[in-house]
Amino acid sequence: MTDTTIPTVPAVELSGLRVAFGKTQVVDGVDLRLERGQALALIGESGSGKSVTLRAILRLYAPGRSRIEGTIFAAGRDVLALDKRALSEFRGGDVSMIFQEPLLAFDPVYTVGNQITESIRRHETISARDARARALALFERVRIPSPERRLDNYPHEMSGGMRQRAMIALALACRPQVLLADEPTTALDATVQIQVLLLLRELQRDLGLSIIIVTHDLGAAVEVADRIAVMYAGKIVETGTARQVVRDPHHPYTIGLLRSRAEGAMDKGSRLQTIPGSPPDLANRPPGCPFAPRCFLVADRCRKEMPPAAAIAPGHVIACWRGEEASAAYRAGPTPVAVEMA
Amino acid sequence: MTMPITAASVALDGNLADAPDAPEAFVPSRGFWGHVGHRLVRDPVAMAAGAIILIVVGIAILSPWITPMDPYRGSMLRRLKPVGDATYWLGSDELGRDMISRLMVGARLSLFMGVTPVLIAFGIGSSIGILAGYVGGWTNTILMRTIDVFFAFPSVLLAIALSGALGAGIFNSIVSLTCVFTPQIARVAESVTTGIRKRDYIDAAKLSGASGLTIMRVQVLGNVIGPIFVYSTSLISVSMILASGLSFLGLGVRPPEPEWGLMLNTLRTAIYVNPMVAALPGLAIFVVSISFNLFSDGLRNAMEIRQ
Amino acid sequence: MSVIPHGPDPFAMDRGGPAQPLLSISGLVKHFPVRKGTGPKRVVRAVDGVDFDVMKGETLGIVGESGCGKSTTAKLIMGLIERDTGGMLYDGQAIGERAMPWRSYRRQAQMVFQDSYASLNPRMTVEQSIAFGPKVNGVPGRQAVERARALLARVGLEPKRFAGRYPHEISGGQRQRVNIARALALEPRLVLLDEAVSALDKSVEAQVLNLLLDLKAEFGLTYIFISHDLNVVRYISDRVMVMYLGRVAEIGPSDSVLAAPGHPYTQALLSSMPSLDPDNRTQEALLAGDPPNPIDPPSGCRFHPRCALAEGICAGREPPLAPIMPLHRVACLARQPGSGHSAAPAEVLAA
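Residue numbers (my numbering), protein chains in the order written: chain A, 1 to 342; chain L, 343 to 649; chain V, 650 to 1000.
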């Protein structure tokens, strides 16, 4: 895809990112590149480090409690080198974020419109009237019905889906280049979730926004993302276009995730394929591949050496010694992952 | 009816693939209080505060045997010696009695007056509050609105008014302080219990057919008593200060009994002559009450278990 | 894989035979008063006239958006809140009356909650939580503990390692296994699972779903499975009930309801599930806006303001739940012959 074009400055580039809280190495060497105008989904289960990776891009963790190593470039800035003032300018101005729970993003005692205009005026010199006009345009942009009236609502007066839209409007207030979304639809009903996902896609297309969405739901990821990165125990185990990851998975963990979905079951009521065991203790990482203890293809080498990230096709990267075997097993048919008697 | 589920009849076959854990070293559970203790020990502030409390309690208990001098025998010749005096290390009071000895013996009454009302109020207040919180409805409304009446008065004023009405003396002070603290503890107990009552595990216990009393005893009590206890320990400092205040006003302990509040009162006149000595009982009250507060803060933090 | 049936024949306790519904709900109503302001008294019509049966040995899935009344229905069925009106029969006997007092009904019907942490007492070990039910029902202490340990083993948690643990010391999936064991400790016939797997990670969810299927076969259980995830409901349920604003919109065999939905609302729900196909992403959301508020539901068919098929008649007439196929009933005028809706099928002579 981007291989033949002239290399451009990516919207976000993480290299060798490591984040630790005390002895717990939550993110353990993440390399990730998000091209401008692209949407990337970071998927993984709870404790995989996906949210921490996202938050590290905005340096949301206090330096005393966390240790960040590696480099983070976002919107052309070296994030770890920013001083306090530049950082607050950077947050919201260049890169902004939306969360799972919009009530946490808003102050309950001010109207939503006030908070958006306030945020615009903090970053730019602009009259109150112009700021309000822009807030109104934003509300129209995120398709809030009767936007004029809704600007004067307090956060609690809005329904869940509308609050989520209002939060997106707030995030877009200062025209950021990159939008980070942390489980933006997890708390919503399916009927509302799809609307928000479609909205994100529309914003990416119309505003040329670069988006990273963190989710545990593969389905939501496919709906929004051009590329998908699968995280496990603080490492990215597979990256590729949505098509590559969903249709042609090469990492046993990705295969396990796809196989364990209820809609993937062969017959109703037949047993689902599962990934046995549970994720490793991040404070005492075993050597080698963190997925090895749960992997159906585990070999001696996997327990000793962490496999390096290797491209198996343009844009499709996996970190697995036995990616080809895994892929063959996946393609072979419905029940290659039979580990019933582990 | 026979019980179909017994250990012997359980077939583990076919389910091992789903076994949710890779083998790991068996870690015996510490239990809830084990966790609390473990975390409390790692909190230096709480440990220091606890140590101070222990030392003061130890001194209070042992004071009759370890005081360097007789705390009651004064000497008109040696009045108001300054701190650092060769005989009276911490000086002497307005009647020439040794300050160290009096502070040591005074700890007895001061601690007693701090702890006893809170303990009694803890018993009465938590019973009322847990009952109101668990039963809810009209019982709650009646109990809690009655309790609210007490909140109309500032606690200092209430204590003074009650003590004034009952007359001076240790017993009456304890009664009035208990009346001050009971509503406060009851209110906390009620809100904690109401919170617990809405938890799913209480619903689950109801579904298993347990009676209200069983649920209260087995499921509710263990979860509410901790937070109420922590809140109560934070009241000990207030109680000490209020008791001292009552004594200071002449409504609590009567002279010549040594009690820090009373000592503060009688030394008041000497504040221009020998300010250091006059401030000593106040300092003692301050140190002990802040230690109780810090310790109760530590206890509260240690009891917060996260998922 | 083998599932060895244990214990007594589940049908041995039947009164009405296998054809009689295990649970029969009719005209169930629950309104909550809204305490706000001094205006006219308003109520939340959380459950507003719901009828359905749960057959012996089946899994009935209940789906719908938030506010549709599925959780309130669950609490009503379990007696955690009192119903305003409506009949509830357990194996032909009215629950709460002489023949079937709540106490003996509850021994037969248990529930697993969504929040695995909130539904376990944080001060009790896993084993104590499971043994609590049998103990209050008169099982001697040692036997209750033994049963708890056997159940722990059965749900895949080695008793030696887990019995003495506290809820915060184990993972979400393990806690939900404990909750399942606790629900089974009284040997119920009916287990109500209220979003029991919704909070779990997908791979853990699959493990727990497998476990639920095994337990159902082994103990001859009947499930009511409440969820917002249509894929999971399709996988586990024999029949599905779709609820909308306190009423049943559609009910029928899950193959039929989820493959050929009769109600426009069910269609919209299905179309809002993410596709998992990068080449066929969802292009348009069939439903705009948020689920409506059950305080003032619309007149007539409650779905008509959001419905693509809505006509004038829909605002005026409340559609009855009528069959479009054997066992598959839909509350939509557009599916009912002779309803006056322009899309309604022609009346057939032999129905």
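Simulated from the structure, these hints should not be mistaken for laboratory data. All of these numbers come straight from a predicted model, not from anything done at the bench. Misleading hints may appear alongside valid ones.
[Stated by the list, open to error] Derived lysine-lysine pairs resembling PhoX-like cross-links, with alpha carbons at most 25 angstroms apart:
hint	chain 1	residue 1	chain 2	residue 2
1	L	Lys540	V	Lys724
2	V	Lys724	L	Lys548
3	V	Lys865	V	Lys705
4	A	Lys304	A	Lys23
5	V	Lys690	V	Lys705
6	V	Lys705	V	Lys809
7	L	Lys548	V	Lys865
* **Restraint check for Lys690 (chain V) with Lys705 (chain V), where alpha carbons must lie at most 25 angstroms apart** => violated, 41 angstroms
* Do the alpha carbons of Lys865 (chain V) and Lys705 (chain V) lie within 25 angstroms of each other, as the hint requires? -> Answer holds: Lys865 (chain V) to Lys705 (chain V) is near 12 angstroms, not above 25 angstroms.
* Regarding the pair Lys540 (chain L) and Lys724 (chain V), is the alpha-carbon distance no greater than 25 angstroms? -> holds, 13 angstroms
* **Proposed proximity, Lys809 (chain V) with Lys705 (chain V) (alpha carbon, max 25 angstroms)** => violated, 35 angstroms
* Asked: If you draw a straight line from the CA of Lys548 (chain L) to the CA of Lys865 (chain V), is it 25 angstroms or shorter?
  -> Between Lys548 (chain L) and Lys865 (chain V) the Cα gap is close to 23 angstroms, so the pair holds against 25 angstroms.
* Does Lys304 (chain A) pair with Lys23 (chain A) here, judged by a C-alpha cut-off of 25 angstroms? -> holds, 21 angstroms
* To do: Given the hint that Lys724 (chain V) pairs with Lys548 (chain L), test it: the Cα-Cα distance must not exceed 25 angstroms.
  => holds, 12 angstroms
In this structure, the hints that do not hold are numbers 5, 6, in rising order.
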